[in-house]
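Given the sequences, and given the hints that come with them, work out the whole structure.
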Amino acid sequence: MAFYDEPSLKEWENTMRIEQLSWDIDFIRNATSFRKPDFGIPEKAKEVAYPFRIKRYWFMYHLLKREAHLRGAPLDVCEIGVDRGQMLYFMQAAQQASRGPVAWEKWTAVDCRLRKDILAGNGYADMVESNIEFAAPKLQWRYDALILLHVLEHLNEPEAALHRLTPLVKPGGIVIGGFPVTPEPFRKWRQDKLRQMTKPFGHVSVFSPKRVREMAETCDLKVEFLSGAFFMRKKGFFLENAASWWRFNSGFGSLFPGWPGEIYWLFRKPAPAALQTREGNWQNGHFTDT
19 MAFYDEPSLK
29 EWENTMRIEQ
39 LSWDIDFIRN
49 ATSFRKPDFG
59 IPEKAKEVAY
69 PFRIKRYWFM
79 YHLLKREAHL
89 RGAPLDVCEI
99 GVDRGQMLYF
109 MQAAQQASRG
119 PVAWEKWTAV
129 DCRLRKDILA
139 GNGYADMVES
149 NIEFAAPKLQ
159 WRYDALILLH
169 VLEHLNEPEA
179 ALHRLTPLVK
189 PGGIVIGGFP
199 VTPEPFRKWR
209 QDKLRQMTKP
219 FGHVSVFSPK
229 RVREMAETCD
239 LKVEFLSGAF
249 FMRKKGFFLE
259 NAASWWRFNS
269 GFGSLFPGWP
279 GEIYWLFRKP
289 APAALQTREG
299 NWQNGHFTDT
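Okay, so the sequence shown: first residue is 19 according to the working numbering, each after it adds one.
Each hint should be verified, as a subset may be incorrect.
Keeping only pairs whose Cα atoms sit at most 20 Å apart, straight-line, the calculated PhoX-like set for lysine-lysine is [as the list claims (entries may be wrong)]:
no.	residue 1	residue 2
1	Lys240	Lys228
2	Lys252	Lys62
3	Lys253	Lys54
4	Lys156	Lys134
5	Lys253	Lys64
6	Lys124	Lys134
7	Lys211	Lys240
8	Lys62	Lys253
9	Lys188	Lys156
10	Lys287	Lys188
11	Lys188	Lys124
DEER-style ranges, computed between Cβ atoms [to be verified]:
no.	residue 1	residue 2	range
12	Pro218	Pro189	32 to 38 Å
13	Glu123	Pro203	41 to 47 Å
14	Pro189	Asp144	21 to 27 Å
15	Gln114	Ala261	16 to 22 Å
Calculated directly from the structure, the hints in this document are not laboratory data. Please read these numbers as outputs of a predicted model, since none were measured by experiment. Positions of the beta carbon are idealized from the N, C-alpha and C atoms, including for glycine.
The following block contains the structure:
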């Protein structure tokens, strides 16, 4: 096995239709909100037009837009592990800058340490304090979409946690997320090393594309999207001023999801019947009226 997890023949056949190469990135360059002090990414990353540090939010944003389009309606979303609220901050800024429709209707935040003053300032209203390492949060609703963005790598038993969380998702709903990725041959070695020197709230679980797929299967979820994020990343790197560099790295990540970096995914919970899609109102990455 190649150390970067070579793509399968089927994945090679899909190279000419890499989904994320058609996703909008212009709003990243144009949105002044991403350069403000209250957006929780390193200041050095804010100096370039297309900072790779926000790719994690860009993936989630487009996967939620994709799902809202599929359903023909805004989504009920539950975000687990919200930190300072960067995800919803990004969603709102992206929606404003791209002038597209809002892809969500309800947004619930779950974290083991809620910073309610900061989160409220970033648009969060429904907040629940809960540690998913030990139990699923007690929530009033089930959701169309569950976000687990850079969360599972902090848990000792991420598969067990995901299994506890899937009942929060409606039948036919999705779980989206991502985390650092390591080639499968080095995964266990890397995880053992991390667990020997871990700090509170540090990384303790390591993932490869193989483990991601097996995790979904264990929880009776179907993998619909799986992609790496970049070939290389460096805060403030001059090439991150070029849209072509962003596109190249997105394509590379799709072909080599196990390349050391980050991996993002969408799992779907089985539904009794296929979801209906809207026709004729999705153009250039935006909703249009029919």
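When you check the alpha-carbon spacing of Lys211 and Lys240, does it fall within 20 Å?
It is violated: about 31 Å lies between the C-alpha atoms, which goes past 20 Å.
Assess, step by step, whether the Cα of Lys287 is no farther than 20 Å from the Cα of Lys188, and give holds or violated.
holds, 8 Å
Checking one constraint from the list: CA of Lys124 to CA of Lys134, max 20 Å. Satisfied?
holds, 17 Å
Within a Cα-Cα threshold of 20 Å, do Lys240 and Lys228 meet the stated pairing?
holds, 14 Å
Pairwise hint evaluation, Lys64 against Lys253, where the allowed Cα distance is 20 Å at most:
With Cα atoms ~9 Å apart, Lys253 and Lys64 stay inside 20 Å; holds.
Check the hint pairing Lys253 with Lys54 against an upper bound of 20 Å on the C-alpha distance.
Distance ~16 Å between Lys253 and Lys54 Cα, so the pair holds.
Please work out if Lys188 and Lys124 have their alpha carbons no farther apart than 20 Å.
holds, 14 Å
Within 41 to 47 Å or not, the Cβ separation of Glu123 and Pro203?
holds, 44 Å
For the hint 16 to 22 Å, verify it against the beta carbon of Gln114 and that of Ala261.
holds, 20 Å
Verdict for Pro189, Asp144 (Cβ pair) under range 21 to 27 Å:
Holds, since Pro189 and Asp144 (Cβ atoms, about 22 Å apart) stay within the stated range.
With the threshold set at 20 Å, check whether the alpha-carbon distance from Lys156 to Lys134 stays at or below it.
holds, 18 Å
Holds or violated: Lys252 with Lys62, Cα cutoff 20 Å?
holds, 10 Å
Violation of the numbered hints given earlier is confined to hint 7; every other hint is satisfied by the structure.
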